[in-house]
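A.B. asks: Fit chain B to the known structure of chain A by using the hints.
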Amino acid sequence: MARIGIFVDGLKGSIPPSFRGKLISTLQGLPEVVFSAEEEDLTSPEALQAMTGLLEKGEAERVVIIGGSPKTYEASFYKWGYPLPLNPFLFTIANVREQALWSMVDEEEAFEKARITVLKAIRMASFSRPIETQSLPLKPEVLIIGGGITGISIALTLARSAVHVFLLERGKTLGGKATELWKFYNREEEAKKWMDQTISEVLQTSSITLLTQSRLKRLDGHLGRFQAKILKGDDTEMTLSPSAIVVAVGYGVERERRGIYGHKRVISLSEMEKLLEGTKSPFPLYDGKRVETVTFLLDEVNEDIKMDSINAVKQSLLLQGSFQCQAVILCRDLKVSSDGMERLYRKARERGVLFFKYEDPPRFSMVNGQIQVDVKDTASLQKADQWPVSILSDLVVIGEAFLPNPETAGLCSLLNLHLGSRGFFMEDNPQLLRVRSNRRGIFVAGGCRFPQEISETLIEAKAVAQEVMTLLSGSIYTYDLSVAEVDPKKCALCYTCPRLCPHSAITVEKYAEKNVYITPGISDRTKWGAAKVDPVACFGCGICVGECPAKAITLHHEPDELIYAQMGFMEG
Amino acid sequence: MELVNKNDLLSGEEVLIIGGGIAGVTVALELSHLGIPITLIEKNPSVGGLASSFCCKASESCNKCFACVVDKRISEVRQRKDITILTQTEVVGAKGNGGKHEVTLKKGKERIKIEASAIVIAAGIDPYDATQKVEYGYGRFKNVITAKDLDEMLRYQGKLSRPSDGKLPETIAFFQCVGSRDESIGNLYCSQVCCAYALRLIKAIRYQYPGVRVTFLYMDIQPAGTSFQQFLNSCREDKGIRLIRSLPSKVYYSPFSDLLKVRFTEATRGEVVEGTFDLIVLSVGMVLSQGAKSLSQIFGLNYTEDGFILPPPDQKGVFVAGACSGPKDIDRSILHAKSTAFAVHQYLKGRS
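Going down the list, the sequences are from chains A and B.
Here this note's numbering is used: position 492 in the first sequence is 492, and no number is missing along the way.
Here this note's numbering is used: position 190 in the second sequence is 190, and no number is missing along the way.
Watch out, some of these pointers could steer you wrong.
[Unchecked claim] The list that follows gives simulated cross-link-like pairs (lysine to aspartate or glutamate, DMTMM-like), each with its CA atoms no further than 20 angstroms apart: (1) A:K347 with B:E183; (2) A:K347 with B:D238; (3) A:K71 with B:D129; (4) A:K71 with B:E76; (5) A:K192 with A:E456; (6) B:K43 with B:E110; (7) B:K81 with A:D41; (8) A:K229 with A:E141; (9) B:K72 with A:E74; (10) B:K81 with A:E46; (11) A:K172 with A:D235; (12) A:K490 with A:E407; (13) A:K71 with B:D82; (14) A:K217 with A:E190; (15) A:K347 with B:E76; (16) B:K239 with A:E359; (17) A:K172 with A:E141; (18) B:K81 with A:E74; (19) A:K274 with A:E256; (20) A:K347 with B:D220.
If you're looking for bench data, these hints aren't it; they were derived computationally from the structure.
So here's chain A without its partners, still in its complex pose:
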């Protein structure tokens, strides 16, 4: 039986002295209680000093605090670094103020509720276990998968903070989709030049190890012990042990065109960008013919992505301004929710770009080598069933559907990450704050999570760098063992828990001395396989504990006995 010391907190008068006295007197006969002390305000420095003194005598192995909510004490001393001579997990709080005094009207009832609350806390205290803090050295090494703009900017920011970066790129060159961009929508500077500068900066940075034409083959281990096997271009393998991994493999686009979109006078926004960049004469030429009218068709795909609207408005302004073309933009909703976009939209309208917002998709037909686009003008109030507006255009520009990078699914299973509903990496959980993945130490950034405009990507890149720096700060990761543990003897190797664990913290390893489900005598010398929880990767959510059919898993900080101790008082 654990010896329990009791501290009664008056909470500056919230719990009246008479009530406290009565409560203490009911505890007199209990064999486990070794002492009880009263304080007017337990969180005051004097009280804490007195408490430390009492605990140093070593009479009590567990402590029950009778007072207010656990938050009150967590915030003031225990668990927050006040040097008490007892492990913080050996404190049990009986919240008499809120659960009895404040919730009961009748004084008799309040006292009875308080008595039960305290008895329950004493019972729970005898089952509480100390939890030690452990630490894991982390070296400043990060693996970034993907050499697009996201990967590059994270690599550069981290390299400036004295972190060594391994930048993995599948292709031969860096830059990814961003190299298709000629101009920014919101900056004068040419996107091409800026990209070239950024890439050459990467090449000159000594703390970035560039691995082109390489890919991840296998990943083992957890935070601090990651083992990443890389397959390089020359078919050699190398193993890295980064402290953190950033996945930034970007997105892909649908290149296959069906129906009218397969027509040679229908091009994509990125092809238009290239055409404009290459145009030296006063007007653009396409297929040897002068282009005079260009129609942009948006929102057939990528309806929730702002990039197409931004690029279309930007290109239409160039067409209208520098190349004497007539630009027409057809969209469902023009996405102006980026900084400066509304102004650009206004400018485009002033320059004469025509905007039509359609409900029903426009129709296309070929007329004398030009594409005729028929669109219903929803802004006009004429009651007419016909298609009132026909535009003869030399070129039709469409957005290409953004798809997950073909690598995504494979990487996802290699890294044990979660995919969202559309096949991009998941970020759906607001609590994971966008760039964090379901696994500790692995971050997901940029277009492989959600395609975005470059200025937003750059903000995201810095935010990822901040996350990584927070993790690596102090070169040590400290964690406590309030996690799940497996009793290997009870494990039947049913593989329920590794499948269910949302954080991939459970693996099966051969470490059990003995296993009840296997007939003894087969091979006594080998160790048996059993599930194993890595405390660094475990979030302590308790899903495996609830699901384990053999009850082989427990939460270290919340063993079954503790829960039963609480439940024992429920029946009355």
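C.D. replies: Here is chain B on its own, set in the frame of chain A:
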């Protein structure tokens, strides 16, 4: 250069964060994780800012409004002992540039002088003052409220009711872009959050009160993140929600029936229709907060074309985080604040 060491890092370097909203709180938490001493000041009696008054907007499932994330971060910052929080405190003066900033704070009648190596301005935004749009009758008609009023009603009263008589409204109209995308009042920018915000509110209301019919009057629906498309489709499929591209010019009030009458164009029918509503909710846009305006004067900062604070070059030691640098939702404010925290950290390290 050495990696950060929690214990001996940047001793004597202190960062002053102005504004205890979600952006300021996030910067404070991020920097204090790196062991940098922080003073966080807030002019209101408690930290939390605008986003802490938002209610959870879940319907059948979570709609990713991020309101719960705010609550969690606020309580985390309150518990941290290494962050000094001064509430009801304002900046009245600042001296110095680069090197050290000497900032004078006012807390009640008291004046406090504080030395800081870096300043982070996260003074946030104000919702657009809807009384300026006289034609919508906000402030004159009881049943014309702002989306923020509605949000607070749901959070603090826990129920939906019509201000004039406390009854459950049967028909509600949401007007989008009140104070945004409007050159007549000088706000030629999109507030970027109101579409998703209003639609989430509508969804939450429709879930709780399936009898309530809602009309959403808009210019262009602006997307918000990964799962927005699914969410928008579920709104489109909902028979109780009408999405109509048309902004009404005026609200007419009938004192006998307490009803509000609105004329708008219905493109699919190709005509002007008249609708009566029990409650009209104005989706007010964002404008730079008054506090942020006076701060930008004190620190000599410039404005962007849209009237938000233009972040000065990093060498100045003054940083801008969150929506006061341009409209942002909670999610993007947090992200922006994290990237600002990184910039601050880089700046401090570059100096020491």
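A.B. asks: Are the hints correct? Go through all of them and say.
C.D. replies: To see whether the hints hold, each was checked on the structure:
The suggested pairing of K347 (chain A) with E183 (chain B) holds, with an alpha-carbon distance near 13 angstroms, which does not exceed 20 angstroms. Taking the CA atoms of K347 (chain A) and D238 (chain B), the gap is about 36 angstroms. The hint is violated against a cut of 20 angstroms. Simply put, K71 (chain A) and D129 (chain B) have alpha-carbon atoms about 38 angstroms apart, too far for the 20 angstroms limit, and the pair is violated. With a CA separation close to 11 angstroms, the supplied pair K71 (chain A) and E76 (chain B) stays within the 20 angstroms bound.
At most 20 angstroms may separate the alpha-carbon atoms for a hinted pair to count; K192 (chain A) and E456 (chain A) meet this at roughly 18 angstroms. Taking the CA atoms of K43 (chain B) and E110 (chain B), the gap is about 14 angstroms. The hint holds against a cut of 20 angstroms. This hinted pair checks out: K81 (chain B) and D41 (chain A) have alpha carbons roughly 19 angstroms apart, not beyond 20 angstroms. Using a Cα cut-off of 20 angstroms, the hinted pair K229 (chain A) and E141 (chain A) holds, with the two alpha carbons roughly 15 angstroms apart.
Restraint check: the Cα-Cα separation between K72 (chain B) and E74 (chain A) comes to about 15 angstroms, which is no more than 20 angstroms; the hinted pair holds. Taken as a hint, the K81 (chain B) and E46 (chain A) pair is honoured in the structure, with Cα atoms around 18 angstroms apart against an allowance of 20 angstroms. For a cut-off of 20 angstroms, the pair hint linking K172 (chain A) to D235 (chain A) stands: about 14 angstroms separates their Cα positions. This hinted pair does not check out: K490 (chain A) and E407 (chain A) have alpha carbons roughly 39 angstroms apart, beyond 20 angstroms.
Note on K71 (chain A) and D82 (chain B): the hinted pairing holds, with a Cα-Cα distance of about 17 angstroms set against a maximum of 20 angstroms. Taking the CA atoms of K217 (chain A) and E190 (chain A), the gap is about 37 angstroms. The hint is violated against a cut of 20 angstroms. Of the supplied pair hints, the one linking K347 (chain A) and E76 (chain B) is violated, its CA atoms being roughly 45 angstroms apart against a limit of 20 angstroms. Restraint check for K239 (chain B) and E359 (chain A): satisfied, since their Cα atoms lie roughly 18 angstroms apart, inside the 20 angstroms limit.
For a cut-off of 20 angstroms, the pair hint linking K172 (chain A) to E141 (chain A) is broken: about 23 angstroms separates their Cα positions. Distance hint between K81 (chain B) and E74 (chain A) is fulfilled; the C-alpha atoms sit about 11 angstroms from each other, no more than 20 angstroms. For a cut-off of 20 angstroms, the pair hint linking K274 (chain A) to E256 (chain A) stands: about 19 angstroms separates their Cα positions. For a cut-off of 20 angstroms, the pair hint linking K347 (chain A) to D220 (chain B) stands: about 17 angstroms separates their Cα positions.
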